[in-house]
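*Asks:* Sequence:
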Amino acid sequence: MTVLGTRALNRATLARQLLLDRADVPVREAVAHLCGMQAQEPQEPFTGLWSRLRAFRPRELDDALTGREVVRTHLMRRTVHLVTADDALAWRARHDAMLRQRVLATYRRELAGFDMDELTAAGRAVMADGRPRTMAELVRALEDRWSTSPRRALGELLVAALVPMAQLPPRGLWRTRAGVRNLPLAAWLGRDIDPLPPDDGTDPVGQHLVRRYLAAHGPAATADLRAWCGLAGLPAAVKAVRGELIAFRDERGRELLDLPDAPRPHPDIPAPVRFLPAFDNAILGYHDRGRIIDDAHLGLSVAGQRAVLVDGRVAATWTARDGRLDITPLRPLTAPEQEAVHAEARELAAFLDEGIDHIRITGTGADR
Numbered sequence: 001m002t003v004l005g006t007r008a009l010n011r012a013t014l015a016r017q018l019l020l021d022r023a024d025v026p027v028r029e030a031v032a033h034l035c036g037m038q039a040q041e042p043q044e045p046f047t048g049l050w051s052r053l054r055a056f057r058p059r060e061l062d063d064a065l066t067g068r069e070v071v072r073t074h075l076m077r078r079t080v081h082l083v084t085a086d087d088a089l090a091w092r093a094r095h096d097a098m099l100r101q102r103v104l105a106t107y108r109r110e111l112a113g114f115d116m117d118e119l120t121a122a123g124r125a126v127m128a129d130g131r132p133r134t135m136a137e138l139v140r141a142l143e144d145r146w147s148t149s150p151r152r153a154l155g156e157l158l159v160a161a162l163v164p165m166a167q168l169p170p171r172g173l174w175r176t177r178a179g180v181r182n183l184p185l186a187a188w189l190g191r192d193i194d195p196l197p198p199d200d201g202t203d204p205v206g207q208h209l210v211r212r213y214l215a216a217h218g219p220a221a222t223a224d225l226r227a228w229c230g231l232a233g234l235p236a237a238v239k240a241v242r243g244e245l246i247a248f249r250d251e252r253g254r255e256l257l258d259l260p261d262a263p264r265p266h267p268d269i270p271a272p273v274r275f276l277p278a279f280d281n282a283i284l285g286y287h288d289r290g291r292i293i294d295d296a297h298l299g300l301s302v303a304g305q306r307a308v309l310v311d312g313r314v315a316a317t318w319t320a321r322d323g324r325l326d327i328t329p330l331r332p333l334t335a336p337e338q339e340a341v342h343a344e345a346r347e348l349a350a351f352l353d354e355g356i357d358h359i360r361i362t363g364t365g366a367d368r
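Here this note's numbering is used: the first residue of the sequence shown is 1, the next is one more, and so on.
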């Protein structure tokens, strides 16, 4: 079986994630290809799309959100994601059990003994009037029946698990500060959530997730798939589609699955500098993230620090505030690398349009 080295996996990941060459596609198509974008920090997907699309303008994502082509919702890993309307409706039922289990695991003591069916029905009844509500407003509407219940736990259970919700604009619009207002997905999108097909042991929705994940993240192990979606490995789905796939091994001996015709660029192809937003799935979408970030820096990827890719790997973090764009290297950067980072940073500063007039690579004396 062919062994793919770390650099080969890195270049495949960059290609699938639209980070090797910026793509000339609409926002909806990009979000669909990426299998969604992590979006608990509402402004971060704008930088993620700017790094991936040619001539991206923030208005394009605003229009996709207000036009209901893409939607903010709890999905993979019980995290708020930006996904297409079609994917939200097609994938939600397959994630329901995982979403419920994760909330219950977080609030096991507070939610012990709850009748989930009764609570679901009550939550749906409140939201049936079509009025968007905050989580607190939804919980207050149920106080007559659950007055002694822990409010935070009850609210998260309702909006993240029991009643599939969309987080409505203006939340997530460019340079807009807005709280979360929820409306059932079906009401916001005007279509019902796809029901799960009968259980015949092949998991057709899971099969679709496997193919889509590999298109955006492959080659990958089943542990990577599980880390991305939060579902329990999708064994029936993987078994059903295995005949369509090809297999490799990584340098640790793990089996990696992939789509036969998916891009796997030569390991020596140059990789441009890219600025990633917080919690980008190019990093978080794997169990083994060694293809893109060193083990010593894994904590950065879950702490919300924004990353800079140099030669395809996380080599620095970045912040933008008070008219400054500060870049903090995680390893020494060569003079050509510093110049490339500065060049891309200037483009980022122009995109952010926040009056940034100073770019600094800390510890190098390279201020511009």
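No lab work stands behind these hints: they were computed from the structure.
One or more of the hints may lead you astray.
As the list claims (entries may be wrong) - So the derived label-pair ranges between C-beta atoms look like this: (1) A136 x G5: 27 to 35 Å; (2) R211 x A187: 25 to 33 Å; (3) A343 x R131: 26 to 34 Å; (4) T319 x A136: 47 to 55 Å; (5) A186 x A55: 28 to 36 Å.
Beta carbons are placed, not taken as given, at the ideal position from N, Cα and C, and that holds for glycine.
*Asks:* For every hint, state whether the structure bears it out.
*Replies:* Comparing the hints with the structure gives:
For the pair A136 and G5, the supplied restraint of 27 to 35 Å is violated, since their beta-carbon distance comes to about 51 Å. Against the hinted window of 25 to 33 Å, the Cβ-Cβ separation of R211 and A187 comes to about 30 Å, which satisfies the hint. Between A343 and R131 the Cβ separation comes to about 49 Å, which falls outside the hinted range of 26 to 34 Å. Distance hint for T319 and A136: a CB-CB separation of about 31 Å, inconsistent with the stated range 47 to 55 Å.
A hinted range of 28 to 36 Å for the beta carbons of A186 and A55 is consistent with their spacing of about 35 Å.
The structure shown violates the earlier hints numbered 1, 3, 4.
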